[in-house]
Amino acid sequence: MFAKKCPRCDQWSFSAADMGDWFCPFCRNNLKDAPAVSAGRVDVESEIRRLRELEKKREEKGQSSGGQIK
26 MFAKKCPRCD QWSFSAADMG DWFCPFCRNN LKDAPAVSAG RVDVESEIRR
76 LRELEKKREE KGQSSGGQIK
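Add 25 to a position in the sequence shown, counting from 1, and you land on the number used in the numbering used here.
The hints are simulated quantities; they were obtained by calculation from the structure and are not laboratory data. Computed from a predicted model, the values in this text were never measured in an experiment. It is possible that part of the hints are untrue.
Claimed, not checked - Straight-line alpha carbon distances no greater than 30 Å define the calculated BS3-like cross-link-like pairs of lysine-lysine that follow:
no.	residue 1	residue 2
1	30	81
2	57	81
3	30	82
Unchecked claim - Here are the computed distance ranges between Cβ atoms for each label pair:
no.	residue 1	residue 2	range
4	76	44	32 to 38 Å
5	63	87	26 to 32 Å
6	64	87	33 to 39 Å
7	79	57	34 to 40 Å
8	39	77	18 to 24 Å
9	85	58	36 to 42 Å
10	32	86	31 to 37 Å
11	87	32	33 to 39 Å
12	86	53	38 to 44 Å
13	45	80	38 to 44 Å
Ideal placement from N, C-alpha and C gives every residue a C-beta, glycine not left out.
Working from the sequences, and respecting the hints, build out all of it.
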């Protein structure tokens, strides 16, 4: 499974193939020239982003866990 991030709308698109015409499902931009990455990498990046957002919310509430996600 492959993923490409649309440079126009900044959303991820997923496909079983990484070549040919590939249209963003959000804005219909053609992603054929955008670099494809393994979908597993996107999952890791999404989880890191989610954890950073949770940590930021805790810090705003004064509930920092003491550890930082880098």
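Checked hints:
1. 30 x 81: 24 Å, holds
2. 57 x 81: The given pair, whose Cα atoms are some 35 Å apart, is violated under the 30 Å limit.
3. 30 x 82: 26 Å, holds
4. 76 x 44: 32 to 38 Å: 33 Å, holds
5. 63 x 87: 26 to 32 Å: Given range 26 to 32 Å: violated, Cβ gap about 38 Å.
6. 64 x 87: 33 to 39 Å: 37 Å, holds
7. 79 x 57: 34 to 40 Å: Holds, at about 35 Å.
8. 39 x 77: 18 to 24 Å: For residue 77 against residue 39, whose Cβ atoms are near 22 Å apart, the range 18 to 24 Å holds.
9. 85 x 58: 36 to 42 Å: 39 Å, holds
10. 32 x 86: 31 to 37 Å: Since the Cβ atoms of residue 32 and residue 86 sit about 35 Å apart, the hinted range of 31 to 37 Å holds.
11. 87 x 32: 33 to 39 Å: 38 Å, holds
12. 86 x 53: 38 to 44 Å: For residue 86 and residue 53 the Cβ distance comes to about 40 Å; the hint holds.
13. 45 x 80: 38 to 44 Å: 40 Å, holds
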